Structures are given as structure tokens and as C-alpha cells.
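Trainee: Modelling step: build the complete structure from the supplied sequences, incorporating the hints.
Same order as they appear, the protein sequences are chains A and B. Count along the first sequence from 1, then add 513; that gives the number in my numbering. Count along the second sequence from 1, then add 513; that gives the number in my numbering.
FYI, nobody ran anything at the bench for these hints, they're computed from the structure. This structure is a prediction, so every number in the text was calculated from the model and none was measured. Glycine included, each C-beta is placed from N, C-alpha and C at the ideal position. Among the hints, a few may not be true.
Claimed, not checked - Computed Cβ-Cβ distance ranges for the label pairs, DEER-style:
| # | chain 1 | residue 1 | chain 2 | residue 2 | range |
| --- | --- | --- | --- | --- | --- |
| 1 | B | R571 | A | T738 | 49 to 59 Å |
| 2 | A | P828 | B | E516 | 45 to 55 Å |
| 3 | B | N845 | A | R736 | 40 to 50 Å |
2 protein chains.
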Amino acid sequence: MAEFHSFQPPARLLLGPGPSPVPQRILDALARPTIGHLDPRFVAMMDETKALLRYAFRTDNALTLPVSAPGSAGMEAAFVNLIEPGDTVVVCQNGVFGGRMRENVVRVGATAVMVNDAFGTPVDLDKVESALRANPGAKALAFVHAETSTGVLSDAAALCALARAHGALSIVDSVTGLGGVSVEVDDWGADVIYSGSQKCLAAPPGLSPMSFGDAAVDVLKSRKTPVQSWFLDMNLIINYWQGSGARAYHHTAPINMLYALHEALVMLHEEGLEAAWARHRENHLRLVRGLDAIGLELLVEESARLPQLNAVSVPAGVDEAAVRRRLLEEHNIEIGAGLGELAGKIWRIGLMGAGSNPQNVDRVLGALGEILQRKAA
Amino acid sequence: MAEFHSFQPPARLLLGPGPSPVPQRILDALARPTIGHLDPRFVAMMDETKALLRYAFRTDNALTLPVSAPGSAGMEAAFVNLIEPGDTVVVCQNGVFGGRMRENVVRVGATAVMVNDAFGTPVDLDKVESALRANPGAKALAFVHAETSTGVLSDAAALCALARAHGALSIVDSVTGLGGVSVEVDDWGADVIYSGSQKCLAAPPGLSPMSFGDAAVDVLKSRKTPVQSWFLDMNLIINYWQGSGARAYHHTAPINMLYALHEALVMLHEEGLEAAWARHRENHLRLVRGLDAIGLELLVEESARLPQLNAVSVPAGVDEAAVRRRLLEEHNIEIGAGLGELAGKIWRIGLMGAGSNPQNVDRVLGALGEILQRKAA
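Mentor: Rendered as C-alpha cells:
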């Protein structure tokens with residue numbers, strides 16, 4: 514058998530769609546000695562993590578916690594806990610992740626009514642209202658607040674209000690939103706929201722922070738069928754994450770990853786949410802100015818741009834994969850490719866979490882400019 | 514809002530049912546800089562991890578990989594990928610985790626035929642054969658090789674052979690087994706097996722190594738219904754973990770946790786599987802001798818004892834929770850409580866992975882002896 518050695522990752526600057534650069538302080542927290550998932554000291558840290566997540570989500574929701582797996586599992590947890598076979602869900606798709614929502618609805622045995630918008634544009638409120646009106650018994654409206662595949666921000670407040678007006682629960686994907694742009698769970702009246710650890714929170718990938726409002730908890734507790742996933746069944750997970758005194762074992766929590774998420778949230782709290790949003794916005798504007806100077810255009814119209822994820826149109830005649838390869842190999846910078854129908858047409862430049870700073874903006878602009886100029890020369 | 518600070522875990526000696534003590538070398542690997550899940554250097558590390566898992570599982574199975582969530586998700590992945598609504602599964606229960614298997618079967622819409630044995634005894638082969646004979650169309654036989662809740666080892670080779678003889682797939686839980694006792698996936702002819710990162714592999718909790726044999730892959734590929742979990746759908750996950758050249762994005766892999774698992778497997782490969790098994794056995798025997806000397810007895814008969822998880826009967830008149838609390842508070846040693854019908858009746862002393870060494874055996878024996886003597890005095 515071959516020889517095996519410790520893995521030494523190269524030094525990359527992560528300016529793609531996530532993971533984002535993880536600060537040394539969070540890596541240090543990650544590497545603290547593992548303790549038990551029922552240790553009283555660990556349980557106290559869990560309680561702090563819930564309080565910090567409520568701060569980040571701007572909510573008082575009791576059921577606010579990280580799911581022990583990446584954002585895709587958070588998405589699945591939202592659907593398997595709230596949707597039952599035979600339900601109808603209005604699903605907005607304006608990027609790849611709306612399609613994944615549909616997959617989740619179908620696999621629960623429910624019907625997905627799709628509201629489609631072009632990749633790169635926000636969810637159209639009029640179309641959503643028509644769909645809700647045409648499907649009066651719809652259990653939920655599901656949409657992506659911050660589309661990681663296109664860099665588009667949709668109007669979560671208005672979409673949650675539409676859902677509420679039509680008696681539907683709102684299911685909000687803010688994997689890329691949380692910590693980078695305004696997320697107002699209580700003001701929006703969002704019923705369920707999920708995010709990811711590895712975007713604007715700047716922790717490694719592997720956890721999915723979630724929050725369930727009272728109406729969602731009522732639906733969860735009055736289900737007619739069991740939640741199809743044992744691992745993601747919130748009725749069981751509550752007994753580990755909530756309650757005073759002893760916590761009931763459900764599954765073994767990912768201890769060290771939770772240290773990292775806790776540290777990331779402590780750092781976000783130190784900076785302040787509004788300051789973090791402003792920082793993401795300023796560095797985004799710096800990037801836009803710089804892209805303009807080297808003749809590159811953004812895919813998304815100005816009013817719907819996510820500051821933390823910038824979809825840049827690939828100029829005609831440019832081999833987008835070759836540019837990304839050079840960025841990685843010659844400059845140690847990772848940016849993202851387009852997904853789905855945008856494959857080959859855009860680059861995705863993430864300025865997320867600790868990655869959002871002026872130095873990184875200048876570094877990626879310099880490298881991109883150099884590569885494109887060399888090609889043109 | 515309250516003040517929040519970095520979390521500093523106490524220095525615990527983890528001698529419970531897992532997580533086990535994580536060596537500094539693995540914590541160091543965990544904390545290396547995060548890179549992207551599609552980075553070619555990361556993909557090369559994934560390939561090494563698969564090769565190392567094949568070494569640990571003793572298999573040539575192509576579909577051998579870690580699921581991006583704890584062992585409970587590995588269990589769920591086994592059932593949701595192979596079992597369809599209407600199927601019958603013979604499930605052996607001789608501890609808590611057999612009951613969890615039944616939950617998984619039921620939530621897939623299949624029927625679980627239970628074979629029950631007393632907690633603390635191994636799975637009875639005759640009962641299993643009767644159940645398989647009585648259910649000729651059974652799709653699978655599911656059993657726990659190494660019962661974490663009782664410290665019992667069952668005869669995986671014989672159980673897999675019984676399944677095969679009756680045309681059923683074998684689904685093997687070896688969450689606590691892998692790396693601590695002989696696991697022979699190819700020799701057994703096990704069709705699916707799952708484990709956990711935080712037991713005898715000595716990595717932090719959060720990943721579930723799995724292996725699927727050819728027959729299982731055939732079943733997976735010829736399903737009549739979609740896998741009910743999108744996140745755990747192996748038909749999709751294969752496209753990220755397998756194949757030459759570019760890997761298709763499915764979900765964002767838990768990068769740093771995979772660094773840790775890779776390092777843990779490199780260390781296991783350095784020590785050698787047989788040497789690791791022998792070490793677990795020797796330290797177990799040292800513990801048994803020491804327990805005997807302080808008048809404590811093991812729950813499980815000698816032939817079925819797992820060296821890495823020792824179920825110790827709580828003597829009459831002893832408050833088991835108070836003893837565990839003192840071990841934790843006064844000695845910084847964590848041991849486990851009984852689960853299910855063994856709650857209050859046993860302690861679980863884990864000697865797993867890096868935790869299995871003579872110093873730890875002597876330390877827990879000394880502390881236990883001191884606490885019990887003080888109580889008796």
C-alpha cells in the first residue's frame with residue numbers, strides 16, 4: 514500500500530462562493546481539546562451559541578440552533594420537519610438552490626408549485642402572489658433570500674408578508690445571507706430560516722444554523738406523520754438542545770465544529786451586525802469600481818446585488834475555466850464558477866466574512882486584471 | 514445583551530462511549546487553513562481518505578467514503594439508500610442502537626421485523642435464522658456489530674453469512690467497532706457498513722465513514738423510488754466523491770473535519786490495524802483485572818466483550834450518577850451512563866482510540882476506587 518502523510522493544504526485566498534477564509538482565532542477555537550457532548554461545560558456553551566444565533570438572526574425564537582451538518586442538511590431539515598406528504602409548497606426558483614428546494618419538497622411526497630425567474634434576477638413578487646392565490650391551501654412559500662449561485666438578493670420581508678397574507682409558512686434560505694446583509698427574522702415574520710457556517714460567519718463548513726418561529730413549532734408538534742428523517746427530527750433534537758437541566762442524548766454533536774461556530778459568533782457580536790453589513794457593502798463597492806476599471810460587468814442589476822457574492826460576466830472570447838485555473842495556480846486565489854444555466858457565463862467572487870476586506874479586493878482585482886491583460890496582449 | 518467570550522473547554526479525560534480523546538496531532542490537522550471543496554489539492558486528499566478508509570474497513574469497495582455528518586446520519590444513509598417503502602427488514606436489537614435502526618426502517622415506509630435479545634448479550638444467530646426463514650422476501654438484515662450502549666460484540670461474519678444465505682443485504686453498524694476490533698468488510702461480505710469518527714479512530718465527532726459493496730450499489734442504482742433524503746442520496750454524493758477529473762458539487766464538504774479524519778487514518782495506518790486491535794485488547798484486560806481488584810463486575814460475558822467499551826455493573830446501593838459527577842468534577846474524567854433499560858444499572862468505560870493506554874486505565878481505576886471507598890467508609 515502507498516505511503517501516507519499528513520495533509521498540508523496550500524495557502525489559498527478563498528474568494529469563491531464559500532467556504533470563506535477562516536480567521537486564525539476561529540481555527541484556534543476549532544482545535545481546542547474535545548470534550549463530551551453531555552459535559553455541563555459544553556451544554557453551557559451550547560446555550561451561549563443559541564443566544565448568539567438569536568442575535569445574528571435578530572430573533573427571540575426559542576428553537577434557534579445549529580444543525581450538525583452543512584447547509585444542505587439545514588435545507589432538508591426545514592422541509593422534512595414542516596412539510597408532510599400531500600402538502601403543496603410554492604417554491605421560488607431564481608437560481609440553483611430553488612431547484613434543490615423543489616427536490617426536497619418532492620422527496621417529502623409533497624407537490625412543488627414553481628415560480629420561476631431568470632437566473633440573476635430577484636424573485637418576482639407579483640408572480641409569487643399569483644401562485645399563492647392560485648394555490649389557496651399551500652402549506653408554505655419557500656424562497657432563497659441570498660442566492661449563492663447568482664449573487665442575487667430577494668426581498669425577504671415582502672415574501673414573508675405575502676406568505677403570511679395567504680396563510681402559508683415562509684421557509685427562507687439564507688445560507689449566504691446571514692452576517693453579510695440584513696437578516697431580520699422577527700421583523701420579517703419568517704417561520705423557518707437556515708444558514709451555513711462557512712459563508713459570512715467565517716467558520717469552516719459543516720454546520721447549518723437554523724431558527725423556527727412559534728407557528729413553525731406548532732406545525733412541527735401537530736404533524737400527522739413522523740418526520741421522515743430521524744437524524745433531522747426537530748421533535749427529538751429539541752430534547753438535546755433545549756430545556757433546563759439534563760439534556761437527552763440524540764446524536765453525538767460535532768463538538769469541535771461547535772467551538773468554531775461559537776467563536777465565529779462571538780467575533781460577529783464583537784464587531785456588531787450592522788458594522789459587519791456595512792463592511793460587506795463597502796468592500797463590494799470597492800470591487801465593483803475596480804471591475805469597472807478593468808472592463809468587467811456584474812450580472813445582477815445594482816438594486817439586487819449581494820455584496821458578499823459578486824457574479825461577474827465572463828467577457829466574450831475568454832476561457833473562464835482557464836482564468837480560474839490561473840488565479841488558483843499562479844495567485845493562490847479561489848473564485849467560483851457559474852452553476853447550472855450560468856456555467857461558463859459568470860465567475861463568482863465572494864467577499865464573505867473575514868474575506869471581505871480592501872486588501873483582498875485589491876488582490877483579486879490585480880490578479881484578474883493581469884491575467885486578462887496577458888490574454889489580450 | 515450579555516458579554517460573550519471565547520470558550521475554553523476544561524481538560525477532560527474522555528473515557529466514556531465517545532467522543533474519545535483526540536490526539537494533538539489530529540487537532541493540529543483540524544486547525545489547518547480551510548481550502549475549497551473543489552480545490553484539486555483537496556480532491557487529492559479525498560482520494561487518499563478513501564484509500565485509507567478501505568484499509569481500515571479491509572475492503573476493496575469503490576464506494577467507501579465519509580458521510581458529512583455524525584454516525585446517526587451514517588445509519589440513516591444506509592437505510593434511506595437501500596430500503597424502499599414496502600420492503601421488509603429484519604432488525605436485531607440487543608441495545609439502544611438496534612431500536613434506532615427500527616426507527617429508520619419505519620420512517621422509510623418499510624416494515625421492521627425485530628429480533629430481540631437482552632441488552633448486554635450478543636445477537637442470537639438462531640433467532641436471526643428463524644426470522645429470515647419466516648420472512649423469505651426480507652430485503653436486508655440489520656444489526657449492530659459493536660453495541661455502544663452495552664459494550665457487546667456480535668458475530669458479524671456469521672450474521673452477514675446468514676443474510677447472504679437468505680438473499681438479504683447485510684447492514685452493519687460498526688460505529689464503535691472500527692479501529693478497535695477486527696472489522697473485515699470483504700471477508701464478511703458485508704453489504705453496507707457505517708462507523709463514526711469519534712470512537713476508535715480518535716478524530717472529533719461529526720463524520721461517518723461508510724462502505725457499500727457491489728450488491729448494495731446495484732440495489733441503490735436500480736431503486737424504483739428516489740432516495741427520500743437529498744442530502745444523503747448516494748447516487749448524487751458519488752459524483753462528488755468518485756470519478757476521475759472534475760467532481761460535481763453536491764454539498765459543501767466539511768473541509769476541516771475531513772483534514773482531521775485523514776490525519777486519524779494516517780495515524781491508524783502508521784500503527785497498523787492489528788496493532789491497534791491488540792492495544793485495545795491489552796488495555797481492556799488491564800481494566801478488567803483492575804475492576805476485579807476493586808470488586809466491580811462487567812455486565813457482559815467474557816466472550817462477547819468489546820475491549821473499547823466496558824459496561825460495568827453499578828454495585829447495589831451506589832448512586833451511579835453521583836459517582837460519575839465526582840469523576841468529572843474532582844478527577845476531570847468522563848465516563849458514560851447506561852442508556853435505555855440499562856440506565857442507572859451500568860457505567861460505560863470507553864478505552865477507545867488514543868484513550869486506550871495503560872495510564873488512562875490506571876487513572877480511572879484509581880479514581881473510581883477512591884470514590885467508591887470514600888462512599889463505603
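Trainee: Look at each hint and say if it fits the structure.
Mentor: Going through the hints against the structure:
As the Cβ distance of R571 of chain B to T738 of chain A is approximately 40 Å, the hint placing it in 49 to 59 Å is violated. Between P828 of chain A and E516 of chain B the Cβ separation comes to about 50 Å, which falls inside the hinted range of 45 to 55 Å. N845 of chain B and R736 of chain A have their C-beta atoms about 42 Å apart, which keeps the hinted 40 to 50 Å range intact.
Going through the hint list in order, the structure does not satisfy hint 1, though it satisfies all others.
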